[in-house]
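Asks: If you want the building blocks of each chain, they are given just below.
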Amino acid sequence: MSDAKPKVAFYWCSSCGGCEESIVDLAEDILKVVAAVDIVYWPVALDFKKKDVEAMPDKSIAVSFINGAIRMSEQEEMAHLLRRKSQLVVAHGACAHLGGIPGLANFWNKSTIFRTAYHTTVSTDNPAGLEPQPKTLLDGHELTLPEFWDTVYPLDAIIDVDYYLPGCAPHRDLILNAVTAILEGKLPPKGAVLAPNKSCCDECDRNETKPEKMTIKEIKRPYEVLLDPKTCFLAQGVICMGPATRSGCGERCIEGNMPCRGCMGPTDQVYDQGAKFLSAFASILDASEEKDVERLVDSIVDPAGTFYRFSLPSSILKRKKLEAVR
Amino acid sequence: MTRRITIDPITRLEGHGKIEIFLDDHGDVERAILQVPELRGFEQFAVGRPVEEMPRITPRICGVCPTAHHMAATKAADAVFGVEPTSTARKIRELIYNAFFMEDHTLHFFFLGGPDFVVGPQAPAAERNILGVIGKVGLEIGGKVIRIRADVREIMAYLAGKAIHPVCGLPGGVAKGLDEEHRVTFLKTAKDAVEFAEFALQIFADVVLKNQTYVDIVVGEAYKIKTYYMGMVNERNQVEFYDGDLRVVDPDGREFAKFKPADYLEHIAEHVEPWTYVKFPFLKKVGWKGFVEGNDSGVYRVAPLARLNAAEGMQTPRAQKHYDHMYAVLGGKPVHNTLAFHWARLIEALQAAESMVALLEDSEITGTDLRRIPTRIPTEGVGIVEAPRGVLIHHYKTDERGLITAANLIVATIGNAAAINMSIEKAAKAFIKGGQVSEGLLNMAEMAFRPYDPCHGCGTHAWPGAMPLTINIYNRSGERIRQLRRS
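Protein chains in written order, with the working numbering: chain S, 939 to 1264; chain V, -3 to 483.
It cannot be assumed that every hint is accurate.
What follows is a list of derived Cβ distance ranges for each label pair [claimed, not checked]: (1) S:Glu1232 with V:Thr371: 23 to 33 Å; (2) S:Asp1111 with V:Asp24: 34 to 44 Å; (3) S:His1018 with V:Tyr323: 44 to 54 Å.
Rather than coming from a laboratory, the hints here were simulated on the basis of the structure.
Note that CB positions come from ideal geometry on N, CA and C, so glycine has one too.
Chain S on its own, in the form it takes in the complex (with noise of 0.2 Å):
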């Protein structure tokens, strides 16, 4: 390929590998989208040898695409080295942009996290009770491993990030413009979202049977109703994040008949995705004695879980504070 291409490196922390199968289900477009830039490093591509990645000129790679959380050692050194050697970096993805579902471990730290792993599931068989080990004996060899870190981080809190390309995982389309407005150089200003600053609700086809004023006296889980494949969710009475998630998903849970959780990550005006959903439906709950909300309020089962299901490292909850919410 040509140098004159700009180069593009795509990258893996903490994360699922849904991130490069959506590139990969650009289907026909990958071919343009290759033939346009030169990846020189793919989630694949890369060399683990960190001296082959350093010996690269500084901000000689034009885009790097990072994708997944940031929660062992290896990954945060990976990060800085590719900030170094980039003049833009994208948080692809959810994970990389808020902290995604992997973030719900937040809820616990290492040890514990550990003592399920290796120690209490059912079906482990650990007798002399071992844990993997940032340095092992075998046979007289040693053998290292990454350190696991207590807690999950966001990219953007180990390093400084240009763009985020938010969903889980995110939307063809959101990709082919993100990709095209690097190569013809119209980018958005440094830390926008490469999203519609829109509400899921605004996008959604079922915004019209949103009633006037929405009202919820009984909170349902997905499980226990026929769910309306026509009508809003909150209005059927199931919890749906739609009202403080960014659209660009092209809502396609809603589409599969299930409510919003999030994904996309809250809008620019909002700055905590969670909170802003519980001031929504706080409003919405229809109570007015106190028991009635208290038991309203009960019904939720998962809060934490469900209104910070993909944002819980980035949230204002932060470790410190987690312990109340739960």
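We have chain S already, so just place chain V on it with the hints.
Replies: Chain V alone, transformed into the frame defined by chain S:
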């Protein structure tokens, strides 16, 4: 004399896999291991979550096989509430699931495993990828690969909301049904998928089976380990992906165990090592004897070849023909040759495609009775499916409100964790002798674990180039004396 070799393939999903090879005083391989350096802790942060949300939380274990986690979690939620899906809902789940198997297996063959054969194990590294495959089979066929994958994933996206991280499963059914208009469109796609799977098997026959060099590699001792095999079967002991009993055969191919998913703890346990973040499942009734082959070792294998070995046949006629042919060519059951996983994978893709056609020709598939509302107090449940990469187990306990109090997950790739280590060690022993490390080790070491399609081997890997590997060779004092690279 070299003592230590490090192979750091850049792998995906569970982070970077790293192979360490230790040599004895003669320079022969003493030990080879694969380290997996990442953990995310899903079993712990499942605690406190509503069980009906697990089908939408656990897919984030793997974005390559989210549908497998979605279905295992949905079935575990069914079991927690003691509710069966309606007949239409079950068929919709099976349709989504077979579509997923078809596209995932196809992706692996053309993007990842196939390049080893289609382009050739000796081909330059730069050609051993999907672009190389397209170069060999032609752009028209390359386009066909991309198109069939997109079309089949469209079925998944329509019914499940998204192909990456589906949302449709609820205890007792599915959230969305299928109308007649889409049934007709999807039936055409399913028929195309059958033809495509046959076509992929034809490529395998033409390129691999007609080339004696490749056949020698497939049947060679370097890529052969004798283990138990585990796979899901239907009531006729045929290969099943969505729901059935688990059947285990011993290294001689005799039935060793057959059990209900709910009884998995009587048969499977997981061993812990301090040098890797993954655990190693083994057959409890045989016991963990270390990374060794044979009838006395509890190591078992899962995924395509293991499923075919553990079953007595396929469910669909075309796939059955290929099943019979494979065992005839490879000398009867069970087949221990690891590279035959690639062949078995294509036979399974064909069964999945044929099953899609059968489901879409079933009048019940467009039914509107999609949900059975659970009425029982939730307690505990196990959901097991075959993921493309093997037996996948989700097990939840809940409180009376259906909030998870304990979760246990045995993820498909991990079912092969011990066997992958053993396969790598065996290949290393074949290709490293007297301290002489051949350049061919690079390809050969990769080929030892790629048949398992370990989850860090999704299709995205092979797209821009072959998997880069570095082998460092150190002397006794720890100085690097040689480096082999392929990037």
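Asks: Look at each hint and say if it fits the structure.
Replies: Now the hints, each set against the structure:
1. Distance hint for glutamate 1232 of chain S and threonine 371 of chain V: a CB-CB separation of about 26 Å, consistent with the stated range 23 to 33 Å.
2. Distance hint for aspartate 1111 of chain S and aspartate 24 of chain V: a CB-CB separation of about 56 Å, inconsistent with the stated range 34 to 44 Å.
3. Range check, histidine 1018 of chain S to tyrosine 323 of chain V: Cβ separation about 53 Å, and the 44 to 54 Å hint holds.
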